[in-house]
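Trainee: What follows is the residue order along each chain.
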Amino acid sequence: MEILKTHLNKRVSSKKESAFIGGRSSLANVNLRRAKSEVVADVELYSTYPDILNFYTTPPTYSITLLEFEQYATERLKMLRLIERVNLTTAVRNNEYFYTIMKEINKSLDLPTYITLLGSKIADSKGDDDSDDNLYARKIDHIAHFLLRLAFARTDEQRKWFMAMEVDFFRLKLWKLHRINDILERHNLPFVEAKEEGKKFNKEILDSSFVMTATVPSEMRVYKVPFIHALDLVRSRKVFLHMGYAYVPYNDVASVISVKFRSWLSESLSLLKKNIHLVEDDERLRPLITGFEKRHLGSDTSVPKNGEMVTVAQLSGFSEKSFPLCMKQLYDVVLKEHHLKHWGRLQLGLFFKRLGLPMDEATKFWRSNFTKRPETDTSRFDKQYLYNIRHMYGQEGKRADYTPYSCMKVINSSVGPGDHHGCPFRHSDATPLRTKFVEAGVPPEGIKEILNLVEQKHYQIACQRYFEWTHDKLTIEGGVTHPNQYFIESRNVLTGKKTINAIKEEKSEAKRTFYYKSQPSQNPEELMETTDGAESTIQTVDAMDEDSDAIFASMEY
Amino acid sequence: MVVDFDSECLIDLLPLYYGRLFPGELMYRWLSYGNPEFFSHREFSFALAGDVYIRYQSFTSNEDFVAELKRRKPEKIDIGAVYNQKPKTRDTLIDFIPLQKEFVLDIDLTDYDDVRTCCQGAKVCEKCWKFIAVAVKIMDASLRDDFGFQHLMWVFSGRRGVHCWVCDQEAINLDSHARAAILEYLTVIRGGENQAKKVKIPNADKLHPFISRSVSIIDDVFDEICRDDQSMLEQGDKNFEMLPEEVKSAVKDSADRFNAVMNYINENKKEKKTVRTALYELKLQLCFPRLDVNVSKDLNHLLKSPFCVHPKTGKVCVPFDPKKAFEFDTDGVPSITQLMDEINAFDKQPSSEAKSEADQKETKVVVVDYKKTSLAPFMKVFEGFVKELEKQRIVKSAADNKTIPDKSNIRIDDF
Numbered sequence: 001m002e003i004l005k006t007h008l009n010k011r012v013s014s015k016k017e018s019a020f021i022g023g024r025s026s027l028a029n030v031n032l033r034r035a036k037s038e039v040v041a042d043v044e045l046y047s048t049y050p051d052i053l054n055f056y057t058t059p060p061t062y063s064i065t066l067l068e069f070e071q072y073a074t075e076r077l078k079m080l081r082l083i084e085r086v087n088l089t090t091a092v093r094n095n096e097y098f099y100t101i102m103k104e105i106n107k108s109l110d111l112p113t114y115i116t117l118l119g120s121k122i123a124d125s126k127g128d129d130d131s132d133d134n135l136y137a138r139k140i141d142h143i144a145h146f147l148l149r150l151a152f153a154r155t156d157e158q159r160k161w162f163m164a165m166e167v168d169f170f171r172l173k174l175w176k177l178h179r180i181n182d183i184l185e186r187h188n189l190p191f192v193e194a195k196e197e198g199k200k201f202n203k204e205i206l207d208s209s210f211v212m213t214a215t216v217p218s219e220m221r222v223y224k225v226p227f228i229h230a231l232d233l234v235r236s237r238k239v240f241l242h243m244g245y246a247y248v249p250y251n252d253v254a255s256v257i258s259v260k261f262r263s264w265l266s267e268s269l270s271l272l273k274k275n276i277h278l279v280e281d282d283e284r285l286r287p288l289i290t291g292f293e294k295r296h297l298g299s300d301t302s303v304p305k306n307g308e309m310v311t312v313a314q315l316s317g318f319s320e321k322s323f324p325l326c327m328k329q330l331y332d333v334v335l336k337e338h339h340l341k342h343w344g345r346l347q348l349g350l351f352f353k354r355l356g357l358p359m360d361e362a363t364k365f366w367r368s369n370f371t372k373r374p375e376t377d378t379s380r381f382d383k384q385y386l387y388n389i390r391h392m393y394g395q396e397g398k399r400a401d402y403t404p405y406s407c408m409k410v411i412n413s414s415v416g417p418g419d420h421h422g423c424p425f426r427h428s429d430a431t432p433l434r435t436k437f438v439e440a441g442v443p444p445e446g447i448k449e450i451l452n453l454v455e456q457k458h459y460q461i462a463c464q465r466y467f468e469w470t471h472d473k474l475t476i477e478g479g480v481t482h483p484n485q486y487f488i489e490s491r492n493v494l495t496g497k498k499t500i501n502a503i504k505e506e507k508s509e510a511k512r513t514f515y516y517k518s519q520p521s522q523n524p525e526e527l528m529e530t531t532d533g534a535e536s537t538i539q540t541v542d543a544m545d546e547d548s549d550a551i552f553a554s555m556e557y
Numbered sequence: 001m002v003v004d005f006d007s008e009c010l011i012d013l014l015p016l017y018y019g020r021l022f023p024g025e026l027m028y029r030w031l032s033y034g035n036p037e038f039f040s041h042r043e044f045s046f047a048l049a050g051d052v053y054i055r056y057q058s059f060t061s062n063e064d065f066v067a068e069l070k071r072r073k074p075e076k077i078d079i080g081a082v083y084n085q086k087p088k089t090r091d092t093l094i095d096f097i098p099l100q101k102e103f104v105l106d107i108d109l110t111d112y113d114d115v116r117t118c119c120q121g122a123k124v125c126e127k128c129w130k131f132i133a134v135a136v137k138i139m140d141a142s143l144r145d146d147f148g149f150q151h152l153m154w155v156f157s158g159r160r161g162v163h164c165w166v167c168d169q170e171a172i173n174l175d176s177h178a179r180a181a182i183l184e185y186l187t188v189i190r191g192g193e194n195q196a197k198k199v200k201i202p203n204a205d206k207l208h209p210f211i212s213r214s215v216s217i218i219d220d221v222f223d224e225i226c227r228d229d230q231s232m233l234e235q236g237d238k239n240f241e242m243l244p245e246e247v248k249s250a251v252k253d254s255a256d257r258f259n260a261v262m263n264y265i266n267e268n269k270k271e272k273k274t275v276r277t278a279l280y281e282l283k284l285q286l287c288f289p290r291l292d293v294n295v296s297k298d299l300n301h302l303l304k305s306p307f308c309v310h311p312k313t314g315k316v317c318v319p320f321d322p323k324k325a326f327e328f329d330t331d332g333v334p335s336i337t338q339l340m341d342e343i344n345a346f347d348k349q350p351s352s353e354a355k356s357e358a359d360q361k362e363t364k365v366v367v368v369d370y371k372k373t374s375l376a377p378f379m380k381v382f383e384g385f386v387k388e389l390e391k392q393r394i395v396k397s398a399a400d401n402k403t404i405p406d407k408s409n410i411r412i413d414d415f
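Those sequence lines, one after another, are chains Y and Z.
Numbering follows our numbering, with no gaps: position 317 of the first sequence is 317.
Numbering follows our numbering, with no gaps: position 68 of the second sequence is 68.
Just chain Z, with the same shape it has in the complex (with noise of 0.2 Å):
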């Protein structure tokens, strides 16, 4: 079922959202990790109608947060850092710093307008997703691998980008000079406008693990979406320019470009150096994830909550699966409008006893609302990552009972 989402009606499906839909109760259980000052230190920001925006909200309970939704109606929830005061009734002649916070990645498709042709700007299509898809694997695979962390949640910003919260205590406690080596870890592409070529491999015979990882990750796609979908390095492909002029002088007119440049590379690659490192160059530069890296740098940076309904899509930021990105559909994210749709169509059923709103929300949990809907499995991948978190919390507490706990490892407890 696909409702259109018609943004003037926001304001009036917010309450009702947030009233029956938005999992404030398993937002607390994730973002107080066990300690309820966590979350009561945590500071949330919201964009009100009418392009208002107001900072360093704090709450201490779930319910308190939901009502507080209900009563604001936000358009856009944004979380921030875990700071030293409760950042609402923070005292300001005392110093307010923040301390901890999840490390998060923001993936947009604004950052390849220099590389998607089927699309621009605000405009996304299943085609253009792949490069998503691609970051999504690179990026999981280095997270986990490399960094070893294991609380991932990847969530679809409601529109054209992917957000990832990485939620290990580890990651919570960086400060910003770890965040920025390991966004500088995770970069490849370097380089402005004036500049074609932005990718440099020094040594094609001596590949980082992580860049020869995320080289056969992007194989798997490459000739898919650089050569089908995206007609790339054809006539006017600035990325062209990219190419060592050997290359370029020996394909300059062949009317398929693409292919010539890859025979080109594939005849000559095991004999020459420069051709190898080449290709590495052109795969990496074409497909490999472009990062907003200033969001992940700093501690104060605010980032989307999930749950957030986008107020240009009326889509809900939704959680999934990064094994499952290449099918991640942007199309199947429930709107706003369209939950509130199955809501009432679920609740006219004969089988549902018929009960007026207000009955509802005192008798009934929130819970039961959005397994109406086309948020449950959403719902399902959250209330996932949720609890392998509390799994682990146990796990942990009991091991730190055993033994002397190591002081710069509970900074969370010792919060």
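In isolation and in its complexed conformation, chain Y is listed as follows (with noise of 0.2 Å):
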């Protein structure tokens, strides 16, 4: 697949080039002939992949069929969000966490190829499987990585949450592979081995690493780094800084490589993004790949705006029954404080904005209530907030849309003291949360089980169910993702637009969008804005991936 290897840094040039991509041919004629891709000899596929590592600086040159395209780039994708799920529960990346990730994998019925890559059936004597199978796996793993970077080269956020979730990727084959010295060879990275320094700074080295004090330190080696290349260790504070250099002990090497891959890969992709054009000019590539873009969880393009408009005297209502416990918080402070924090303001302010709050009756939200402190008159709202306001709506500035934060970003956010955004249900203690609860009119049980979940870090799961307690047992389909996806399923159910009926109706008609969206000469934007109403567009990128499979199915025909 020469593309591949020209979006880099070259320019798309020739037809000929772009015809390995199953020519002129549609989409239903390439899958009839399913052919798999030429066979290549085992010593070639083993001298390209001699492990399953691939720092992916050579892009691939093999030629597939657009099938194989969809396929190999859903495939992963679908993998890329299996870990997003188990980063949810964990910041951490411990031996737990990859234990759990490799389960999740292997539990999967739609991952062959990562199972086959990582599940290592067959092992030789230093722990590697270079079985024909395992080498294949090698290669859709490399094709696979470079189909989805031209999926998510586009946006800052996209390029983030791709490159985020590879670099986990990366590192759970790095722990797969406990070859760490053959590594450091045969990538030159810039360690030296501190002997000395170990010694001298024993305790240090022992007090700040992940290393447990029983293994005998006299035979721990100790690699010395510039911090600026161990900075995963530097965040967590996992390791000994002395004078600019880190003393990385052997077992924390692979932290360090997973750094150096994911600056590698943050450069690729801003060189892709500035040439991703002429991809997208491919009129057969360009269906596939934004159609891509829109599986993204918890997508923000997904979540619908409420259609009508809102004014400040309707929040209050809104407030009590369908902002989620994430905006309410921030609600409530405002009322109750008279002010809220940077962050707090836009986690809510934003919120509000999709809602369908104007930019006037923002203004007049946030200025009624913030000017009843002494300290803060008209005059230094005007001064301090007003240009805030003005930005969130794209009024100043580079004039930038701004898009409400999803759970995950609710969720991962920082918050310090002073601060109420974020996650009530990740960033509360059990009490006050409990008292939120009853207010709420939670009954005991359901109390217990939200707190179990929280306990669990399944922080959308409790929302999900404290959303239940609070709506007659009624549920969000597919889980909560988005604060304005929350809303927009309580209003309904509290309209009696949603029942139990409803719900079903809404899933049927998710598939049927789908179908027609893989056309590839239909725009997916364009469908995207037919589904009839709100609440079904974000069923359809929810049911889109569960569903997927049975839809190639039936496109084969």
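No lab work stands behind these hints, which were simulated from the structure alone.
Since the model is a prediction, treat every value here as computed from it, not as a measurement.
C-beta atoms are modelled at their ideal positions from N, C-alpha and C, and glycine is treated no differently.
Watch out, some of these pointers could steer you wrong.
DSS-like mimics (lysine-lysine), calculated; alpha carbons at most 30 Å apart, straight line [claimed, not checked]:
1) Z:Lys-127 <-> Y:Lys-341
2) Z:Lys-324 <-> Z:Lys-123
3) Z:Lys-297 <-> Y:Lys-457
4) Z:Lys-238 <-> Y:Lys-336
5) Z:Lys-324 <-> Z:Lys-372
6) Y:Lys-409 <-> Y:Lys-173
Stretch-level coverage of chain Y by chain Z, calculated; a stretch enters the list once three of its residues show a Cβ under 8 Å from a Cβ in chain Z [unchecked claim]:
7) 221-235
8) 407-419
9) 423-437
Dock chain to chain to rebuild the complex, using the hints, since each chain is given by itself in its own frame.
Mentor: Here it is, written out as structure tokens:
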């Protein structure tokens, strides 16, 4: 697939090259000749992929069909989303984390490539599986990574998400490998073994790292590397720093290598961003790539605007029943304390914007509340906060249309003293949470259940249960992914638009929508618009992934 | 001499201040880092009277810079990043990207409102300044000893906080990802208003050297700040809730809760790990620096320039010696009104030749003026900082000439 090679730094040149991707044939035709890619001698594959680790510095040069394109990319996206789901439950990358991911991958039915790649059913003495199947999986891994680069190159947010997930996947492979020495050598990484300092700072190094004191210190090998190459360890304060150098015990070197990988990936992606239009110009590829972007979990663009305009007067009524807890909490603070710190204002303000609260109404809300503080008079308010509000509505600065925060973003926001933003299920102690549940009328068994989920770090599920307990046991299909989604679902329940039957209908509607959407000749964005009503659009996005296998199957006829 | 500052007069005093006291030449020597382009591609932003804010100003020389200051009379000058183009004349058709910036820290007393009882909000007194002093000590030690940075300038922000400018070449070249990682390393207090306990020490018997160093810095002043000055942990203090149940129930009804807590901890810390942990967590939560991380993470974030005049207090943002952070007295920082009076008083002395102001500008070097005022000691700190930067540069360029330059480290000169 020459096109992948060229997208990086050269321009996509001739028709001949793009012809590799299935020529002029329609998608249906391609499906019929579903031939496996040409057989490459195993020796050749082995020399290209000596182990499962791939820094993805060289783009692949194979020819694949459009169907394979979609398959490989879909499979990898599913794998990355699996990682994302596990990431929501933990922030550390320890053994337990990797075991969890491995368990989840092996459990899944639609990730054959990655089960083979990571499974190592046949292992040689070094612990590597160099079977033909595994070599073939390494090749698909290589191709699929570059395919997703195309789909996630356009916006900062997409690139950030893609990079985070790919780096975690890379670390998973490193964790499987155990052969750090070879990797250091092969990739020429800036490590120096620090024998003397290793002894001199023995206590400090042991106190800093994951290494258990029980391991014999004299045998511990320590590498010295400029701290800038060990950022992950620096971030989690899991390394001893001295005069600009990180003293990395042998066991932690893996983390350092993945940072290197991250920076390479980041560079390539920003290069790709500049040239992505060359790939987008290809009319067969465009629908594939743009379609992918929409499957990005909790994608902000998938959350519909509330159809109607909302006024300040309505907010208080809405907040009682329909605001998710993260927003209700912020709203209550504004009313009570007449002040909110920056990130809280942003989290609530953007939520309001998507709710349909126009800018002048928003200004009214913030001004009337904030000026109740003696030290904030109207002129001070205008000076300090007005720009901020206008900015949120894209009226100042770079005039960007800022999107409201998804659950992912809310859960992962950093929260400090004086802050009220973030996800209450993650950023609150049990006691204040319990009070809130009682106020909302959640019965004791519900409270117990929710707090249990919180304990297990299932914040979004906890939020979903909270929704159910406060909405006559009606649920949000596919889970809570966005505060605005929560709001709309709640309104639907309260206004009687949504009953148990209605949910089922929505789901079948969603399947149909996706089927149309995969026709390459149509613009997927237009179709997203034509779905009738805000609520079903959300369902579309969720259903798309669950059912895509079935849809692929149906497309072959 | 303490002179009341009247913010109404600021606009009249500013041209004089910028003309006679503002260290334009030193600022240029600092911000150019030996390369004129590095200065001319730097963003400056001005807050003008009447709430006008102008971004993306840039200047080719210090004369150019000071002339504009005198003309525009900004109430506040912010320093931004160095861009790939001159910000003022940037071509919007080409990408406009921030390339480099000093690594900066911003510590503000408003973030201490949950631990200080002496003042709230914008107010500051000598008691709560001690929090800042502890913060300066802890951060300064880590930036130097852990990260190996040498060129640190600490600046009083004019009212209730401090800034730190880390000006080593390695710091200037950091990308935002690296900046975020350093900040995480430096952050200990996490958690919002709904979390009583904001510090978590995973293992009290295996403290990271950064934590143990920070705790020992806090130890020197812990009783003084928390017991004597702020009367913490007494009835009604939310921070009490962070302690483990066993400590809480043991001292709940005690009249003198701070001492009761400390006694309980000291009696039990040998036997019980939970109590040892609680002691560290308590010290860190009450005294560890609270950083405003957003200022530090992004390259294009702006930070107030040293030698600005704070529009509310009239005080000059002055650099200070971090080793003397505890002795630093915010009341001793001169206000613009006071400085002008000092110059006038000096000029009226018989020894000083009576000259009209216009003459003075032409014949006297600006440097001479600040020596007449209480700004002199602060200016000396700044000058020392700039000279140290220049000295290092000479040493480094001599070394570079001998060896093949390492591509990754020459971005400033490459520019």
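Trainee: Indicate, hint by hint, whether the structure satisfies it.
Mentor: Each hint tested on the structure:
{"no.": "1", "hint": "Z:Lys-127 <-> Y:Lys-341", "result": "holds, 25 Å"}
{"no.": "2", "hint": "Z:Lys-324 <-> Z:Lys-123", "result": "holds, 22 Å"}
{"no.": "3", "hint": "Z:Lys-297 <-> Y:Lys-457", "result": "holds, 27 Å"}
{"no.": "4", "hint": "Z:Lys-238 <-> Y:Lys-336", "result": "holds, 18 Å"}
{"no.": "5", "hint": "Z:Lys-324 <-> Z:Lys-372", "result": "holds, 23 Å"}
{"no.": "6", "hint": "Y:Lys-409 <-> Y:Lys-173", "result": "holds, 26 Å"}
{"no.": "7", "hint": "221-235", "result": "holds (count 6)"}
{"no.": "8", "hint": "407-419", "result": "holds (count 6)"}
{"no.": "9", "hint": "423-437", "result": "holds (count 6)"}
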